[in-house]
Amino acid sequence: MTAADAKPNALAEIQRQVMWNRLIAVVEEQAQVLLRTAFGAVTREAGDLSAGVYDLQGRMLAQAVTGTPGHVNTMAMAAAHFLTRFPIETMQPGDVFATNDPWMGTGHLFDFVVLTPAFRNGRPVALFASTCHLIDVGGVGFSADATSVFEEGICVPHMKLMDGGHPNEVLFEILATNVRNPVEVRGDIMSLVACNEAGCIRLVEMMNEFALSNLDELGGYILENSRTAALAAVAKIDPGTYRHNMTLDGYEEPVTLMAAVTIGPDGAHVDYDGSSAMSRYGINSPICYSDAYTGFGLKCIIAPDVPNNAGSLAVFTTSAPEGTIVNPPRPAPVTARHVIGQMLPDLIFGCLHQALPDGVPAEGAGSIWVLAMAGDFDDRNAGFNVMSVSVGGVGARPHKDGLSSTAFPSGVGAIPVEVTEAACPLVFWRRELLPDSGGPGQFRGGLGQIVEIGNSEARDFTLSAATFDRLRFAARGRDGGAEGSLGSVALKSGPQFTTKSTHTIPAGDRVVLEIPGAGGFGAAVTRDPQRVAAEVAEGLVTRDAARDAYAVVLTAEGAVDALETDQLRASRSSG
Amino acid sequence: MNVTTKPARQGRLAVDIGGTFTDVALEFAEASGTARVTAKVLTTPRSPEEGVMRGVAEALQQAGLTAADIGVIIHGTTLATNALIERKGAKTAFITTEGFRDVLETGYEKRFEHYDVNIDKPTPLVARPHRFPVPERMSARGEVLLPLDEDAVRGLVPVLEGQEIASVAVGYLHSYVDDRHERRTRDILTAAMPNLSITLSAEVGPEIREYERFSTACANAYVQPLMSRYLRRLAELLAAEGLACPLFLMMSGGGLTTLDTATRFPIRLVESGPAGGAILASHVAAQGGFSEVVAFDMGGTTAKLCLITDSTPEKSRRFEVARMYRDLKGSGLPLRIPVIEMVEIGAGGGSIARVDAMRRIAVGPDSAGSEPGPACYKRGGKTATVTDANLVLGKIHADRFAGGQIALDPGLAAAALRDNVGVPLGLEGIWAAAGIVEIVEENMANAARVHAIERGKVISRHTMIAFGGGAPLHAGRLADKLGIDRVVVPLGAGVGSAIGFLRAPISYEVVRSRHILLDDLKVETANALLAEMREAAEAVVRPGAPGAALEEARSVEMRYVGQGHELPIPLPAGALTPSDMAGLKGQYEARYAEQYGLSVPDMPVEILTWSTTLSTPQQLHQGGPPSPAVPAASTPDPSGWRDLFDTQAGGMVRTAVFWRPDLPLGAVLRGPAVIMENETATVVPATFDAAIDGSGTIILERRER
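In the order they appear, the protein sequences are chains A and B.
Residue numbering for the first sequence follows the numbering used here, starting at 829 and increasing by one per position.
Residue numbering for the second sequence follows the numbering used here, starting at 2 and increasing by one per position.
Among the hints, erroneous ones may be present.
[Unchecked claim] Listed below are several chain A residues computed to face chain B (Cβ distance under 8 Å; list not exhaustive):
hint: 1; residue: Q845
hint: 2; residue: Q860
hint: 3; residue: V861
hint: 4; residue: A1057
hint: 5; residue: A1063
hint: 6; residue: P1067
hint: 7; residue: R1071
hint: 8; residue: D1133
hint: 9; residue: E1249
hint: 10; residue: V1255
[As the list claims (entries may be wrong)] Calculated lysine-lysine pairs in the DSS-like style (CA-CA distance at most 30 Å, straight line):
hint: 11; chain 1: A; residue 1: K1064; chain 2: B; residue 2: K383
hint: 12; chain 1: B; residue 1: K330; chain 2: A; residue 2: K1228
hint: 13; chain 1: A; residue 1: K1228; chain 2: B; residue 2: K92
hint: 14; chain 1: B; residue 1: K89; chain 2: B; residue 2: K316
hint: 15; chain 1: A; residue 1: K1228; chain 2: B; residue 2: K89
hint: 16; chain 1: B; residue 1: K330; chain 2: B; residue 2: K316
[To be verified] Which stretches of chain A does chain B cover? Using the computed rule of at least three CB atoms under 8 Å from a CB of chain B, they are:
hint: 17; stretch: 1125-1131
hint: 18; stretch: 1143-1151
hint: 19; stretch: 1258-1265
hint: 20; stretch: 1360-1371
These are computed hints drawn from the structure, not numbers from a lab.
Note that beta-carbon positions come from the ideal geometry of N, C-alpha and C, so glycine has one too.
Excised from the complex, chain A in its bound form (with noise of 0.2 Å):
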């Protein structure tokens, strides 16, 4: 290279810099107006959405880190679709493009995908995609009943949503006519038009900048970058084959999943031939969803700083056998797909442990426990429906403790209590850590927790269970750790909910939730006794669960016994 050459080269690749990070800015700002403008509370307060932006051939460049993993890689898939139906060439200023198919999209009904191409000096340059979760698409609701996705709502197959700037007010009417909430969805269904506006306008700003006329140069540079950075990180662990199951409640039966990650050279590819066959109920977890929860799996472990993008998500690939419950065919129910594809992650650690024994988590609580519920109000004529999450344990990590009550793999969080108060008449009587729920191990698993709720009015109110798993099948722990507390779905009045259907609570009884721990890591015995002391003291860890769990025995002030413990500690050993 010349000295004449080396300034524009080191020049040009210092902008190529500038862009990518300025277009991981762009993203993010699409993201935070649709956060700012959303309707449902499972997307403002719990942060449900996603946002991108794609080249012309729908190859994701950069996406939002706001937003939750089953967005953020089914979303990659997401543009091409559109594309496929609606070809570049097609498309006009003005245009924007709109579907809820779950196989086509983020793997259920509830979940709308948005799509804008972006035009510079009247050419198309790129295309913004952006999702969050409706509060409503009519159907059956926020539940697992259906025996079909046609029982779950209204589907838009791959259509125009606006046609050169105008509204496709058909489409608008028809979907209005069958949820039960029409005006809140029609706004968030133009949350997401507005940030994917958002997004267009600041990428045209940048183009004019950087005197871009095309994405091509910058695109092959973002994606071949985050290529060879992933699979940098891939090689980085023996290759071979890794296999692990996982055994869940499921709704009419037990399911296994049955995972082998195979780390070759060209990335990590997962499979999950040997899995149960899809469910009856709407707990069915489409590819493009169990695709999502597989890369974001592998990711966390393998190439955890590696950005998202086509680049990079192309060395994380899936595959299941068509008829599993992780890849189930059209019409499928699958609403409660989450109960199935959150536990990938914890079932692909199971697989990485085996190459990285002390680079995965145990396995924790999974699956997020979306509470439906719905009633009526005495002075209303119209009734209530609304949403919360409740959030079990994160598995114990090989040197720490798990995170209590926080979701994991979801990057969905808590509603505030008071905010869904402040919308229905339901009263929050308890939210709190739950004793003894997390594992025991040297590192303890996180600690699941119990929620109470029932009806201020005396009325009685429905709660889907549509998603409470591991009420059967708790969280393993690793190396020894012992495995996290079972779920329990019950009435304040005694009898026990087993089912994953609709509840009702009935007036002046409350429900009692028991959200699962998680499992913890290494063997208990060998756990600090000091901090067995101070759980117990926190009233985290009981004192029966410290003698019984970790072979701590208690002085009655709290203190450890040394010698008690050493002594006892030494009998479980050589017992």
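Let chain A serve as the given structure and place chain B on it in line with the hints.
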């Protein structure tokens, strides 16, 4: 003058305690007008009042004044912030609704970083054994679902005493609607333990969302004993030195308050330093007649940007303190207090540059600090920092950094840049430095752009006001990136916060959560609530400003029913009329459309939060030395020449260097140029001209677009 002063010399003294330095600014009357001196002394962390007294003495001596000449003292400090970051506050207990003992610990129940399986959530300020549940329950509509169990509260007294609790926070669900249980709890505890410091969540941050309100209450309780001790000691010490004049405290919202209020709500004192900077920028904006301003402050570890419209900085009530993971949102403690809204980026002189797995240059948020500091400090630092890059690019003079206090070594800087960035990326010579500066400027530009957009503003229309040691170095290029045409660098930018304190009004913001559908709101209800809020605000402001006329600014935060994000809509002055009420929906929809480009016509609108700010008049033009008329333009000769990197030219360009103190008022010079001064240097890009106005301020104007 914002605060009435009696002594003949009308001395007004401002003291800002920062992490490293304590800054003092003193303004006083002279025959020719108002004069100002400043002093900078090292902060004395163990007893900060010592540093204060040293700085005050130095300033008085410089000015030739005595304690009796001082009419008012204004003080701001990072003590509360530091106590939260270092977890060195009081042993605190939290009394809360039974069943909700762990709200502080579970927080948002989500991970602030999705892909790192090893993150930890912020440690609560109050450990679980000190969180006491009490049977009681209020509904969202203010009905008592379960009466307060007063015996349970009484039963806590011996426990609190036994555990030697120094401070208590009380936070019950829905207390923002009705706080009677919180107040009753305080009464019971105070009767038994008169000296106990007690914070009520409904008083410190009466807003919906339990985690954030409880977190705010606990943070206040946690710093209260420490702050109250410190403030009392300081007041005594000042009085002993003859400085018995009124003492006001700077709050994060940009207003001043009395010692009494500061002692009750010390959490409102966090971020007072940056607030002072924003107030100074507002003042400069008013003097220059700049209606839309972005204030840009850059120090050793972070850069801060603040939008100012018509001399009023953007305000907010959401803030997060003590972030513990890469400065990520969610990794700190949320506070709902009035703050001047700023976006903070981990980009300062000490920010460390490296190459990431994607072969990209990444800068910050980790910083080399001052020990070992940037490689060029010669203190053993091996990492490449922004300061190293600036030095190699010719933006900083090796012998004049920090007024010549630290001699820099360009060779060490070049070596660190080469090893950490140049070699890994194959960038030769100065290009590694150029890349680092370009990336850090891009990061700041991105933050500014996003921040403006989130508030429905167009950043390119703004004037940039740059202060702090690092900002003038980067402001020109940042303006280029943002399409901004004017950059202003005021004098005395190194003690900008302290000077800002002198311009702040005495004020107080009272907030109430009253969740109501706009259609259901009666004008009498609104007026009664606003009158009650004014009364509460006046009770705080009046003691500091007896007899002064007070300005009232009121607003409501509204949203479409079902949304989670509100927009503030100002209310007209005086009692509201039915037609005021009728106009609110239209105002909201217009504001919404301005911000998001659409409205949702059929959707009802609701009000969540009401806010009243009562303050003394700002009178911004009279707050400091008057601006003399701009003298005739002159073109001074440079004091030297230096090689300075120019991105467009792709290499070093011979650049004129000027020494700011030598530049006559009215001087005009053409970029590229560097204007040096003790605390910083202003880089004038090739596309800008620089002029020195009548008050010594540097004004950069773009020559052509």
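For each hint, the structure was consulted:
1. The interface hint given for Q845 of chain A is met, as the beta carbon of that residue sits about 5 Å from the closest beta carbon of chain B, less than 8 Å.
2. Below 8 Å, beta-carbon pairs count as interface contacts, and Q860 of chain A has one with chain B at about 6 Å; its hint therefore holds.
3. For V861 of chain A, the interface hint holds, since its Cβ comes within 8 Å of a Cβ in chain B; the closest pair sits about 6 Å apart.
4. Below 8 Å, beta-carbon pairs count as interface contacts, and A1057 of chain A has one with chain B at about 4 Å; its hint therefore holds.
5. A cut of 8 Å between beta carbons decides the hint on A1063 of chain A: the least distance to chain B is about 12 Å, and the hint is violated.
6. Interface restraint check: P1067 of chain A against chain B, minimum CB-CB distance 20 Å, threshold 8 Å, status violated.
7. Nearest Cβ of chain B to the Cβ of R1071 of chain A: about 21 Å, over the 8 Å cut. The hint is violated.
8. With 8 Å as the threshold, the beta carbon of D1133 of chain A comes within range of chain B, its nearest partner Cβ sitting at about 6 Å, so the hint holds.
9. The restraint placing E1249 of chain A at the interface with chain B holds, with a minimum CB-CB distance near 4 Å, inside the 8 Å limit.
10. The criterion of a C-beta within 8 Å of any C-beta in chain B is met by V1255 of chain A, whose closest approach is roughly 6 Å, and the hint holds.
11. This hinted pair checks out: K1064 of chain A and K383 of chain B have alpha carbons roughly 28 Å apart, not beyond 30 Å.
12. Proposed proximity of K330 of chain B and K1228 of chain A is supported: the alpha carbons are some 22 Å apart, at most 30 Å.
13. A C-alpha spacing of about 26 Å is found between K1228 of chain A and K92 of chain B, which places the hinted pair at or below 30 Å, so the restraint holds.
14. The straight-line distance between the Cα atoms of K89 of chain B and K316 of chain B is roughly 29 Å, inside the 30 Å bound, and the hint therefore holds.
15. Distance hint between K1228 of chain A and K89 of chain B is fulfilled; the C-alpha atoms sit about 24 Å from each other, no more than 30 Å.
16. Between the alpha carbons of K330 of chain B and K316 of chain B the distance comes to roughly 18 Å, so the proposed pair stays at or under 30 Å and holds.
17. Evaluation of the coverage hint for the stretch 1125-1131 of chain A: fulfilled, as 4 residues show C-beta separations to chain B shorter than 8 Å, against a requirement of three.
18. As drawn, the stretch 1143-1151 of chain A meets chain B at 0 residues by the rule of a beta-carbon pair under 8 Å; below three, the given contact is violated.
19. A stretch counts as covered by a chain when three or more of its residues have a beta carbon under 8 Å from one of that chain; for the stretch 1258-1265 of chain A and chain B the count is 4, and the coverage holds.
20. Check on the stretch 1360-1371 of chain A: 4 of its residues sit with their Cβ under 8 Å from a Cβ of chain B, so the three-residue criterion for coverage holds.
Hints 5, 6, 7 and 18, counting from the list given before, are not met by this structure.
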